[in-house]
Amino acid sequence: MGFHSQNACRDLRIERKTKERIAANLANFAYDPYNYNFLRQVNCMTESNEKLVEFGVGGICNSCVDRENAAVITSCGGIPLIIQCLSSPVRNTVNYALGALYYICNESNKEEIVKPEVVDVIKRYAAAESVSVSFSNLANAFLDKHVSQI
Numbered sequence: 023m024g025f026h027s028q029n030a031c032r033d034l035r036i037e038r039k040t041k042e043r044i045a046a047n048l049a050n051f052a053y054d055p056y057n058y059n060f061l062r063q064v065n066c067m068t069e070s071n072e073k074l075v076e077f078g079v080g081g082i083c084n085s086c087v088d089r090e091n092a093a094v095i096t097s098c099g100g101i102p103l104i105i106q107c108l109s110s111p112v113r114n115t116v117n118y119a120l121g122a123l124y125y126i127c128n129e130s131n132k133e134e135i136v137k138p139e140v141v142d143v144i145k146r147y148a149a150a151e152s153v154s155v156s157f158s159n160l161a162n163a164f165l166d167k168h169v170s171q172i
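Using our numbering, you'd call the opening residue of the sequence shown number 23 and step up by one each time.
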């Protein structure tokens, strides 16, 4: 590998780490209204980098308690992206997705979220207490709030 190739690889690694760090910080402080506009400008959910997806859905989970943010996430096509995260191999990503769906789900978008295939996945997490208590607790909370009413 030539000198320029080595530098390009190093630059890509630095860029990836920088993106991850920025996304992690935004996700951690997503609950702060000051950061809402910054978070809305970051698109991590369609990345192939699992860390960026984890931080992206973590930020969504932390910010969607605010109804305005939940509406923005919904109107920008965020629900299918969050649902995709339910099949992530990264535990935090799944936890954040379950939490985000819990807060985002309401009468105006319930049909999009509470589809049989999504409910089946969430029911499997609810039954998986021996694998992950947090999956089970979050999934059961979602089912109690949004599915038992159907």
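It is possible that part of the hints are untrue.
Stated by the list, open to error - Okay, the calculated beta carbon distance ranges per label pair:
id	residue 1	residue 2	range
1	Q106	A149	30 to 40 Å
2	S152	R43	32 to 42 Å
3	R43	S156	19 to 29 Å
4	S70	R113	15 to 25 Å
5	E37	K145	34 to 44 Å
6	A150	R89	26 to 36 Å
7	E129	R43	16 to 26 Å
8	E37	E151	37 to 47 Å
9	A150	E90	27 to 37 Å
Worth flagging that the hints you see were computed from the coordinates, not collected in a lab.
For every residue, glycine included, the Cβ atom is placed at its ideal position computed from N, Cα and C.
Q | Ascending list of hint numbers which this structure does not respect | A | 1 and 7
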